[in-house]
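One line per chain: the protein sequences are Z and E, in this order. Residues 21 to 144 in my numbering are what the first sequence spells out, letter by letter. Residues 6 to 165 in my numbering are what the second sequence spells out, letter by letter.
Please keep in mind that the hints were generated in silico from the structure rather than gathered at the bench. Wrong hints could be hidden among the right ones.
[To be verified] Ranges of calculated distance between the beta carbons of each label pair, as one might list FRET restraints:
hint, chain 1, residue 1, chain 2, residue 2, range
1, Z, L134, E, W36, 39 to 45 angstroms
2, Z, G50, E, G43, 35 to 41 angstroms
3, Z, M21, E, A39, 23 to 29 angstroms
4, E, A127, Z, R47, 29 to 35 angstroms
5, Z, L48, E, F37, 34 to 40 angstroms
6, Z, R47, E, R14, 21 to 27 angstroms
7, Z, A82, E, W46, 22 to 28 angstroms
8, Z, W54, E, L131, 24 to 30 angstroms
9, E, L40, Z, L140, 22 to 28 angstroms
10, E, R14, Z, L123, 30 to 36 angstroms
[What the hints assert, rightly or not] A few chain E positions that, by computed beta-carbon distances, are all more than 12 angstroms from chain Z:
hint, residue
11, G42
12, A108
13, L129
For each residue, glycine too, the CB sits at the ideal point set by N, CA and C.
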Amino acid sequence: MIWFAIAVAGALGASTRYLVDHLVSTRLSGVFPWGTFTINVSGSFLAGIVTGLLLAGRVSAATATVVAGGFLGAYTTFSTAMYETARLLEDGATRAAFGNLLLPLAASVAAAALGWGLALVMAS
Amino acid sequence: MGSRLPPSRNLGYVAAGGAVGAVARVALATWFPALPGGLPWVTLVENLVGAFLLALVLTLLTERLALDPAVRLLVCTGMLGAFTTYSTLAVELDRLLSAGALAVAGTYGALTLVGGLSAALAGLRLGQVLSAPHRHATNRPPRGTRRRRGLGRRPEGGGR
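Generate the whole structure from the sequences, applying the supplied hints.
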């Protein structure tokens with residue numbers, strides 16, 4: 021049963037990513053892939069909230085697996101981020117490539133920490 | 006390019022691939038759980054394998070095969086996009102940092118970024134090598150694509 025829920029959550033997560041990327045990248049132009057950046061940072065923030073709620077005992081492990089593992093795991097993507105970085109490097113945009121390597125990770129780790137802290141405050 | 010929503014058929018392909026990718030990723034994480042405070046090997050391997058495969062398949066789709074955009078949406082955006090994850094990576098790094106495992110966190114972050122970029126570049130190169138003999142035959146469809154649906158359509162066409 022949980023695997024069915026994970027499959028549905030994964031389907032929703034990937035579809036949401038497709039829509040958000042479409043909405044962001046049709047509005048922002050330039051070499052930097054803002055769509056993937058927006059997706060990964062917002063998904064990490066939400067995953068931080070789920071982690072905080074899980075550690076505070078406010079959500080079950082099964083719920084956390086479906087929401088964070090299924091939905092948010094499928095919503096965010098590492099493969100696309102690396103493909104876009106490799107393409108920037110191929111096109112000679114070395115600075116943008118290294119920016120796209122480091123900035124999203126730093127922002128995502130900070131966003132997840134923020135979500136985690138926020139969840140602990142909400143749960144207390 | 007407008008800001009209209011993509012056709013719902015595209016969403017169907019992405020959703021189907023996303024379900025498969027997410028289940029595969031969570032199944033591997035369940036079967037090989039990471040040790041507390043240890044390096045999250047499963048996420049690392051999933052992300053590197055996914056980065057390599059996505060770069061390879063996207064390069065082949067773009068440079069060689071005139072496949073239906075459905076393949077791109079199903080396999081690339083859906084399956085490989087959902088098989089890899091950024092949010093789990095971020096939370097795992099925060100967990101390691103909050104546990105004071107700074108060296109493990111640094112190693113994990115470095116292995117992920119250096120390995121991920123190397124994997125994507127390797128996939129890109131392999132895709133280019135595999136499609137190189139077909140680059141000059143632009144006026145003829147490449148061998149092996151004659152029977153495929155969507156011949157002659159551009160590989161892009163909504164979604165990555």
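Verification of the supplied hints:
{"no.": "1", "hint": "Z/L134 with E/W36: 39 to 45 angstroms", "verdict": "violated, 31 angstroms"}
{"no.": "2", "hint": "Z/G50 with E/G43: 35 to 41 angstroms", "verdict": "holds, 39 angstroms"}
{"no.": "3", "hint": "Z/M21 with E/A39: 23 to 29 angstroms", "verdict": "holds, 24 angstroms"}
{"no.": "4", "hint": "E/A127 with Z/R47: 29 to 35 angstroms", "verdict": "holds, 33 angstroms"}
{"no.": "5", "hint": "Z/L48 with E/F37: 34 to 40 angstroms", "verdict": "holds, 38 angstroms"}
{"no.": "6", "hint": "Z/R47 with E/R14: 21 to 27 angstroms", "verdict": "holds, 23 angstroms"}
{"no.": "7", "hint": "Z/A82 with E/W46: 22 to 28 angstroms", "verdict": "holds, 24 angstroms"}
{"no.": "8", "hint": "Z/W54 with E/L131: 24 to 30 angstroms", "verdict": "holds, 28 angstroms"}
{"no.": "9", "hint": "E/L40 with Z/L140: 22 to 28 angstroms", "verdict": "holds, 24 angstroms"}
{"no.": "10", "hint": "E/R14 with Z/L123: 30 to 36 angstroms", "verdict": "holds, 34 angstroms"}
{"no.": "11", "hint": "G42", "verdict": "holds, 15 angstroms"}
{"no.": "12", "hint": "A108", "verdict": "holds, 16 angstroms"}
{"no.": "13", "hint": "L129", "verdict": "violated, 5 angstroms"}
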